[in-house]
Amino acid sequence: MEDMQEILEDFLVEAFELVEQIDHDLVELESNPEDLELLNRIFRVAHTVKGSSSFLNFDVLTKLTHHMEDVLNKARHGELKITPDIMDVVLESIDRMKTLLNSIRDNGNDTAIGMDIGPICSKLTAISEGEAPTSNEKIEENKEVKEEKQEPEPTPEPDIDVSKLNDSEVEAEIERLLKVRKAEDQARRAQKKQQKSASSVSPNKPADTKTSAPAEKKVPVTGSSGASMDQTIRVEVKRLDHLMNLIGELVLGKNRLLKIYDDVEERYEGEKFLEELNQVVSQLSIITTDVQLAVMKTRMQPIAKVFNKFPRVVRDLSRELGKQIELEITGEETELDKSIVEEIGDPIMHMIRNSCDHGVEDPATRAASGKPEKGIVQLKAYNEGNHIVVEITDDGKGLDANALKYKAIEKNLITEREADQMSDKEAFALIFKPGFSTAAKVTNVSGRGVGMDVVKTNIEKLNGVIEIDSEVGKGSTFKLKIPLTLAIIQSLLVGTQEEFYAIPLASVLETVRVPIDDIYTIEGKNVLRLRDEVLSLVRLSDVFGVKQVLESGDQTYVVVIGVAESKLGIIVDTLVGQEEIVIKSMGDYLQNITGIAGATIRGDGRVTLIIDVAAMMDMAKEIKVDIKAQLESNVKKVKEKPSDYKVLIVDDSKMDRTLMQKALESLGVSLIEATNGVEALNIVKSGEHDIDAMLIDIEMPRMDGYTLAGEIRKYSKYRNLPLIAVTSRTSKTDRLRGVEVGMTEYITKPYSPEYLENVVRKNLKLG
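Going by our numbering, the first residue of the sequence shown is number 6, and it counts up by one from there.
No lab work stands behind these hints: they were computed from the structure. Owing to the predicted nature of the structure, the values given are computational and were not obtained by experimental measurement. Warning: the hint list may mix true and false statements.
Result set (DSSO-like, lysine-lysine): computed pairs, CA atoms no more than 30 Å apart in a straight line [what the hints assert, rightly or not]:
#1 Lys416 x Lys626
#2 Lys719 x Lys770
#3 Lys187 x Lys310
#4 Lys767 x Lys651
#5 Lys530 x Lys264
#6 Lys416 x Lys385
#7 Lys379 x Lys479
#8 Lys667 x Lys770
#9 Lys243 x Lys103
#10 Lys264 x Lys310
#11 Lys767 x Lys530
#12 Lys314 x Lys128
#13 Lys343 x Lys484
#14 Lys412 x Lys430
#15 Lys310 x Lys379
#16 Lys626 x Lys484
#17 Lys486 x Lys667
#18 Lys552 x Lys667
#19 Lys264 x Lys651
#20 Lys646 x Lys629
#21 Lys243 x Lys68
#22 Lys416 x Lys430
#23 Lys629 x Lys754
#24 Lys128 x Lys68
#25 Lys629 x Lys466
#26 Lys754 x Lys770
#27 Lys412 x Lys379
Each pair of labels, with its calculated beta carbon distance range [claimed, not checked]:
#28 Ala373 x Val296: 55 to 65 Å
#29 Lys626 x Gln583: 19 to 29 Å
#30 Val285 x Thr738: 17 to 27 Å
#31 Glu504 x Gln288: 48 to 58 Å
Glycine included, every Cβ here is placed at the ideal spot set by N, Cα and C.
Could you put the whole structure together from the sequences, leaning on the hints where they help?
Structural data, given as C-alpha cells:
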C-alpha cells in the first residue's frame, strides 16, 4: 500500500506539471497549427497522463484523456486541422482534466462531485469522426485494444459468509486476500514497465532486433525520471522556511557583530588583535551574505509558473470579447521567491483582463484609428536591483486623465477642487480607488469596480509599488515593482524623538536636510517646496503619537517617500543609515497595528518597528499640526542674568552635592539636583527645565555617569551641552573613556571650590 501511495503522489506531481504546460502549448498551437513538433509534444503529454491514470485505475480520467488523444492523434497525422472551435473543445477538456486531478489529490478518486464527462467526450468523438479513420488510426486503436487485453482479468471471488467463519478461518481468508492483492499489484507494475519499454521505441521506426536492445538500455537515461532525478531532490517548503528563518537570525547576529566591532575599534585603536578580528568579522560577513543568497535561491521559482497561464486567459478573453488580441511574453525565466510567485498571480490576472477589456479596442475601431486589427498585450519581467519589475503594456486606447477625473467626481470619490489640482499621473491612480470603474456596462469580465483596488492592496502587502504610464490613443503601461524576497529587505533607519523606525528602502525616493523657515502652512497642512514640486509634510512623531521630548535646531531632515503616484515628506530627527533587516512578525496581539508592517532586531540588539508606508500615508492625511508654529515656540529664550542659567548636579552623595552647591553660590546660577543617572536623564527629557550645564559623578547606582553622558549626546539638541565629570577616578583610561562618551571637562576629587566655579563660568560663558 505504501508503494501505491508513493506512485500516486509521483503521478500527481508529474500530472500537474504536464497539465500546466499543456495549456500554454495549446494556445501556441492555435497560432501555429502546422507545428508538428508542438503537436507531438502535446500528444505525448495526453498519452502519458492516460497511461498513468489507466495503471492507477482512474477510469474517468482515462476515458477523457483517451478521447482527447484521439483528436490530437488525427491532428498530428494531418487528418484534422485545429480551428478555434475545435480548440475550444480541447481546452474545455483540459479544464475537466484539472478538475479530475484536483479530485484525485483531495479525495483519492476521480469522481468529481457534480461533474459529468459524457458531453465533452461526445464532442471530442464527434470531432475525431469528422473524417474517415485512416490505417494509421486503426493501428493505434488496435494497439489500445491489445494493451487492454494484456491486463489480467480478475478471478471471480467465491461468495463467503464471513459471519459463519471461526477466528482461524477469518485469519486464513485475510491472508488469502492479501496475497491476491499483492499479485495484482505486481502484475500492474510489470505491465507498466512493458508500456514504458514499448513507448521508448519510436512509433515511426520498426523495432528490429538490432535497435531494440540499445533502446532498452537507454530507457533509464532518457526517461523523465532518470538522470534528472539524480540531480534534483524534492524538499518540503516548510523546511526551506525554517532554513530561511535561521538565515534571518544569522544576519541579525552578523549585524550585532559588526556593531560590536565598530565599538571595539574605537576603544582599542592601534591594538594588534584588531586586525585579526577585522579579518574574521569581514569573512563571516561575506560568508553570511553568500549563504543568505544561496538559501534564497533554493526558494526561487521562475515567474513562468505564473506567466504560463496567461496565454490561455488572453485567448479565451479575445474570443469572448470579439477582439483580436495577442499576448507577447518576455523574461519568464526571471526568478522570484516562492511565496511572492504565489501572491502575484491574481494581481497580474486582473491587470491583463483590464488591458484586454478596457485597453485594446475592437478590430473595427482599431482599423478606423489606423492601427492593426490585432491588438498586442505585452507581459515582461526583469531584474532591477533587489527588485523584480513586471510590466503589462497594451497598444490600446490609453487612459484619459480628464475622463477619469470626471468619473471619479460623478461617483463622489474626489471633489472638483481636488480634480483641478491633480496631475495626469495622479488621475491615472484613481483607477485604484474602491468602486471605481469606467466600463459603460457590467460584463462577466469587468465593470463592477472591484479588482484594481484589490490589486493595489495585494501589491502593497508585498512591499511593492505600482506605476502607471499612459498616452491617449497609444496605450498604457502598468509597472509592478516587487522585492525579491519578503524575509530580508533593505531599509532606511530613522529616529524621531527617542524612537527608531525602519522604512523599506524601496519606498524611499530621497532624503534632504531643509531649514525650518522653508516649511509653510497652507489650509492647515504643512508643505515644502522641493525644487519645482510642492510636497506635503508630516512629522513621524505626530503619525505614531511619539511624545515630544526633544526638538531639533533650525534645520530638519525630511525623508521623501512614495507609493505609486503619491509622495509625502516625513520629518525625522535623525538619519541612522541604511541597514539590511530581517522582518519579524508582531505576534497575534500586535499584528494589526495600523502603519506597522512588523519589527526587526538591530545591530545593537534593540527592537525597531518597520513602517507600512502605504498605511502610514493614509494616516498622515488626518494629521493637522502646525509644525513651524510649534518649532518657533520652542526657540530658546535669551538669558540676560546669571539666575537664568540652570546647572544640574548629578551625584548619589548628599555631601558631594552640598559641596558643589556651595562652590557655585557666588556665581548666582540656578541649581537643580539629581541622585542618580536615571533621575537626571528624566529631568533632561521632561523639558521642564532648560539645562545649560551638568556636573556628573561617575560612580552612581542605576546608571553611571558614562552611560548618562552617552544617552544625552544622542540628542542633537544636547550635542553641545557642557557635561562636566566630577569624580575620584583619576586613571588615564577613565579620562579617555570620559572623552569617548562626550564629557566636556574632567575634574578629579578633591578639587578647590574656586576651580569648580571657574570651570562652570567658562562653560556657561559668563563674564
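Hint-by-hint comparison with the structure:
Restraint check for lysine 416 and lysine 626: the C-alpha separation of about 21 Å stays at or below 30 Å, so the hint holds. As the CA atoms of lysine 719 and lysine 770 are separated by approximately 24 Å, the hinted pair is consistent with the 30 Å bound. Taking the CA atoms of lysine 187 and lysine 310, the gap is near 39 Å; set against the 30 Å cutoff, the hint is violated. Distance restraint check for lysine 767 and lysine 651: the Cα-Cα separation of roughly 14 Å lies within the 30 Å cut-off, and the hinted pair is therefore satisfied.
Taken as a hint, the lysine 530 and lysine 264 pair is broken in the structure, with Cα atoms around 40 Å apart against an allowance of 30 Å. For the hint pairing lysine 416 with lysine 385, the CA-to-CA distance comes to about 34 Å; that exceeds 30 Å, so the pair is violated. For the hint linking lysine 379 to lysine 479, the alpha-carbon distance of about 14 Å falls within 30 Å, and the restraint holds. Distance check on the hinted pair: lysine 667 and lysine 770 sit about 20 Å apart at the alpha-carbon level, within 30 Å; holds.
A distance of roughly 26 Å separates the Cα atoms of lysine 243 and lysine 103; the hinted pair therefore holds under the 30 Å criterion. Of the supplied pair hints, the one linking lysine 264 and lysine 310 is violated, its CA atoms being roughly 41 Å apart against a limit of 30 Å. Taken as a hint, the lysine 767 and lysine 530 pair is broken in the structure, with Cα atoms around 44 Å apart against an allowance of 30 Å. For the hint pairing lysine 314 with lysine 128, the CA-to-CA distance comes to about 24 Å; that is within 30 Å, so the pair holds.
The straight-line distance between the Cα atoms of lysine 343 and lysine 484 is roughly 20 Å, inside the 30 Å bound, and the hint therefore holds. For the hint linking lysine 412 to lysine 430, the alpha-carbon distance of about 16 Å falls within 30 Å, and the restraint holds. Straight-line distance between C-alpha atoms of lysine 310 and lysine 379 comes to about 26 Å, which keeps the hinted pair within the 30 Å bound. For the suggested pair lysine 626 and lysine 484, the alpha carbons sit about 26 Å apart, so the restraint of at most 30 Å is met.
Distance hint between lysine 486 and lysine 667 is unfulfilled; the C-alpha atoms sit about 67 Å from each other, more than 30 Å. A threshold of 30 Å between alpha carbons decides the hint, and for lysine 552 with lysine 667 the separation of about 36 Å lies outside it, so the pair is violated. For the suggested pair lysine 264 and lysine 651, the alpha carbons sit about 36 Å apart, so the restraint of at most 30 Å is broken. Under the criterion of a C-alpha separation no larger than 30 Å, the hint pairing lysine 646 with lysine 629 is inconsistent with the structure, at around 38 Å.
Distance check on the hinted pair: lysine 243 and lysine 68 sit about 37 Å apart at the alpha-carbon level, beyond 30 Å; violated. Of the supplied pair hints, the one linking lysine 416 and lysine 430 holds, its CA atoms being roughly 20 Å apart against a limit of 30 Å. Our distance criterion of 30 Å between C-alpha atoms is broken by lysine 629 and lysine 754, whose separation comes to about 53 Å. With a C-alpha separation of about 13 Å, the suggested pairing of lysine 128 with lysine 68 holds against the 30 Å cut-off.
A threshold of 30 Å between alpha carbons decides the hint, and for lysine 629 with lysine 466 the separation of about 27 Å falls inside it, so the pair holds. Between lysine 754 and lysine 770 the alpha-carbon distance is near 24 Å, which keeps this suggested pair within the 30 Å criterion. Between lysine 412 and lysine 379, the direct Cα distance comes to roughly 29 Å. Compliance with the 30 Å bound is thereby established for this hinted pair. Remark: the range hint 55 to 65 Å for alanine 373 to valine 296 is upheld by a beta-carbon distance near 60 Å.
Distance hint check: the CB atoms of lysine 626 and glutamine 583 are about 28 Å apart, consistent with the given range 19 to 29 Å. One distance hint, 17 to 27 Å for the beta-carbon pair valine 285 and threonine 738, holds here, with the actual separation near 26 Å. Between glutamate 504 and glutamine 288 the CB atoms are about 35 Å apart, so this pair departs from the stated range of 48 to 58 Å.
Consistency with the previously given hints fails for numbers 3, 5, 6, 10, 11, 17, 18, 19, 20, 21, 23, 31, ordered from lowest to highest.
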